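So the protein sequences, as listed, match chains A and B. Heads up, the first sequence is in our numbering, so the first residue is 1 and it goes up one at a time. Heads up, the second sequence is in our numbering, so the first residue is 261 and it goes up one at a time.
It should be emphasised that the hints constitute simulated quantities derived from the structure, not laboratory data. Keep in mind the model is a prediction, meaning the values are calculated, not measured. Any given hint could be a false lead.
[Stated by the list, open to error] With a straight-line cut-off of 25 Å between C-alpha atoms, the simulated DSS-like cross-links for lysine-lysine are: (1) K455(B) to K342(B); (2) K49(A) to K87(A); (3) K342(B) to K253(A); (4) K249(A) to K55(A); (5) K328(B) to K507(B); (6) K439(B) to K253(A); (7) K87(A) to K55(A); (8) K253(A) to K595(B); (9) K249(A) to K653(B); (10) K328(B) to K249(A); (11) K249(A) to K439(B); (12) K595(B) to K364(B); (13) K493(B) to K439(B); (14) K253(A) to K265(B); (15) K298(B) to K270(B); (16) K155(A) to K145(A); (17) K55(A) to K253(A); (18) K364(B) to K328(B); (19) K439(B) to K107(A); (20) K249(A) to K342(B); (21) K155(A) to K49(A); (22) K656(B) to K249(A); (23) K623(B) to K493(B); (24) K253(A) to K631(B); (25) K55(A) to K153(A); (26) K87(A) to K493(B); (27) K631(B) to K656(B); (28) K328(B) to K253(A); (29) K364(B) to K87(A); (30) K55(A) to K155(A); (31) K249(A) to K155(A).
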Amino acid sequence: MDIVVCIKQVPETTEVKIDPQTKTLVREGIPGIVNPFDMYAIEEGLRLKERYGGKVKVLTMGPPQAEDALREALAMGADEAVLLSDKALAGSDTLATSYALSMAVRKLGYDLVICGKQAVDGDTAQVGPEMAEHLGVPFVAWVRKVEEVSDGKIKVQRLMDDGYEVLEMPLPALITVVKEINEPRLPSLRGKMRARKAQIPVWTVEDIGADPSRVGLEGSPTQVVRVFTPERRAGGEILQGEPEEVADKLVEKLEAMGVI
Amino acid sequence: MARIKVIEEKCTGCGACVDACPFGAIRVEEMAVIDEEKCTLCGACVEACPLGALELEEVVRTGMDTSKYRGVWVFAEQRHGKVSGVAYELLNVGRRLADDLGEKLTAVVFGPIGEDAVRELIYRGADRVLWADDERLAQFHDDTYAGVLAEMAQAERPEIILCGATSIGRSFFPKAAAKLGTGLTADCTGLEIDKERRLLVQTRPAFGGNIMATILTPDHRPQMATVRHKVMKEAPRQEGREGEVVKWSPRPENLASRTTLVEFVEEVEETVNLADADIIVSGGRGLGGPENFALIRELAMLLGGAVGASRAAVDAGWIPYSHQVGQTGRTVSPKLYIACGISGAIQHLVGMQSSDVIVAINKDPEAPIFKVATFGIVGDLFEVVPALIERLKRRKG
Numbered sequence: 001m002d003i004v005v006c007i008k009q010v011p012e013t014t015e016v017k018i019d020p021q022t023k024t025l026v027r028e029g030i031p032g033i034v035n036p037f038d039m040y041a042i043e044e045g046l047r048l049k050e051r052y053g054g055k056v057k058v059l060t061m062g063p064p065q066a067e068d069a070l071r072e073a074l075a076m077g078a079d080e081a082v083l084l085s086d087k088a089l090a091g092s093d094t095l096a097t098s099y100a101l102s103m104a105v106r107k108l109g110y111d112l113v114i115c116g117k118q119a120v121d122g123d124t125a126q127v128g129p130e131m132a133e134h135l136g137v138p139f140v141a142w143v144r145k146v147e148e149v150s151d152g153k154i155k156v157q158r159l160m161d162d163g164y165e166v167l168e169m170p171l172p173a174l175i176t177v178v179k180e181i182n183e184p185r186l187p188s189l190r191g192k193m194r195a196r197k198a199q200i201p202v203w204t205v206e207d208i209g210a211d212p213s214r215v216g217l218e219g220s221p222t223q224v225v226r227v228f229t230p231e232r233r234a235g236g237e238i239l240q241g242e243p244e245e246v247a248d249k250l251v252e253k254l255e256a257m258g259v260i
Numbered sequence: 261m262a263r264i265k266v267i268e269e270k271c272t273g274c275g276a277c278v279d280a281c282p283f284g285a286i287r288v289e290e291m292a293v294i295d296e297e298k299c300t301l302c303g304a305c306v307e308a309c310p311l312g313a314l315e316l317e318e319v320v321r322t323g324m325d326t327s328k329y330r331g332v333w334v335f336a337e338q339r340h341g342k343v344s345g346v347a348y349e350l351l352n353v354g355r356r357l358a359d360d361l362g363e364k365l366t367a368v369v370f371g372p373i374g375e376d377a378v379r380e381l382i383y384r385g386a387d388r389v390l391w392a393d394d395e396r397l398a399q400f401h402d403d404t405y406a407g408v409l410a411e412m413a414q415a416e417r418p419e420i421i422l423c424g425a426t427s428i429g430r431s432f433f434p435k436a437a438a439k440l441g442t443g444l445t446a447d448c449t450g451l452e453i454d455k456e457r458r459l460l461v462q463t464r465p466a467f468g469g470n471i472m473a474t475i476l477t478p479d480h481r482p483q484m485a486t487v488r489h490k491v492m493k494e495a496p497r498q499e500g501r502e503g504e505v506v507k508w509s510p511r512p513e514n515l516a517s518r519t520t521l522v523e524f525v526e527e528v529e530e531t532v533n534l535a536d537a538d539i540i541v542s543g544g545r546g547l548g549g550p551e552n553f554a555l556i557r558e559l560a561m562l563l564g565g566a567v568g569a570s571r572a573a574v575d576a577g578w579i580p581y582s583h584q585v586g587q588t589g590r591t592v593s594p595k596l597y598i599a600c601g602i603s604g605a606i607q608h609l610v611g612m613q614s615s616d617v618i619v620a621i622n623k624d625p626e627a628p629i630f631k632v633a634t635f636g637i638v639g640d641l642f643e644v645v646p647a648l649i650e651r652l653k654r655r656k657g
């Protein structure tokens, strides 16, 4: 089974700080990491390969330094990696990104595409489902377990707000995975050595045969017109006293505000 | 190719753009210099420049004839035959947008939900209900939901479609948007109409809520957005309000799903699920062990709320992942969030800091959770929480 895992390099958002003077995100010196949800996608790809054979190919779209994310996936055990990188892709929204990725996925060849449920920078969770539409394959989002792959079908559990659903669909297909699905492995020393030496091909818009009018800003229906820092929540009131006293105070205040 | 252009005659190197750039992509060397590797073309600098010296270079977009699209739609999600609360929130915001545009508000609903539930959508502000009353749409499948919605939108051409940013909405709505070849903005917390340009102004958090972005879909229709649950208020009910019900018969190909449901396993919560909860009581590392979640459950039960948890508690195996609040769990914005023994790592804060009222109970006075708390209690949760439970029991009588 050929598995393509789509990943994204994101800034390590847990370290994001707001410059108190300029009120903007401080991004200098913040390392790029593999989007945390994509780590589960890579791991699931590797596990499915171990169960059913085949290859795990990792794909990312981004600037040249996004190659680091691919090397991390190779170190974990992925067989191949491809970087989709082209200035013409800058400014792509989710529709344009998913289109470009789908063209690269087609070129790679696949039975199953795995994506993390969302990237932690944009938080849209849209690229996976939109890719499925561009590829014309069935998909299931929020997968928390792959039960089995057999007879050209995949059976998965989808996490819903009120429980989970067991769903089955024919391959080729696409899934997006949640954290619960597995525990990503650490790269082995041998894997790291291999990853360091690997030659990673860089594909352009032309290489994947994408329509240039459907990528980049030009191919993006949505337009970001303003980016701003939200009002920070001011720290509130500290309630003091013995536990019984603070419990009284708190209940009174919550009642007065009408929240309980 | 698109880029930010510096107009040399106008730029004085004042640096306003450097401060405005969220991505650290601009430096000043006499004039502004854009680092194209870092630039995401967000346009924050263009807006910030006091001299009009920065321009987002014109891009020719292949748009649509937007004048042919009229009216506002909201997707009224149902689960197991019951219309979800998020539908009434959407009707509230949709009503306001439709009034600002001088257009009709249509609720779209799938599945055999019954006449009463359909009428309720009208009582809650819909002028019209577009109802695909088909048994095959009772259960959610991405293929059928995206297919039927796109079919309706292609035929009727609404200018705006809103959907809840729920597990269902965030799954099929992107697929529908891709079918329609239009833009979609995820998880909006603010929606307005730019009356002059007849555009939907969509505001959403990104970077885990560290920045907000305002997004337009200028040249494509419909303008589509998913809306964060619990941010907007539910529409008031006006019994007897009148509206039109239009039954829709979907094309057969859109009623065939490639995914099949084998079974649904309900994970019964003691109280309510996180997504629907008005009150959430969460426990973290400070609980010390799985058995102590009993305290959290008791408090949640008394308040009619749901049980949440920090990543630390989930990773320790004290409580299932479905309870996790934060960046790698769920984003919640209830009316009241009570954090017990949670220090407040940024990855937790981004998942709950839009709650109306936050109460933090923690031993460590320096814990970051106190920075976002409306009310902070520095103390031992094993003393404070039982006292709170006692107090609430007395209140109930």
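Which numbered hints fail
1, 2, 3, 4, 6, 7, 10, 11, 12, 13, 14, 17, 20, 23, 26, 27, 28, 29 and 31
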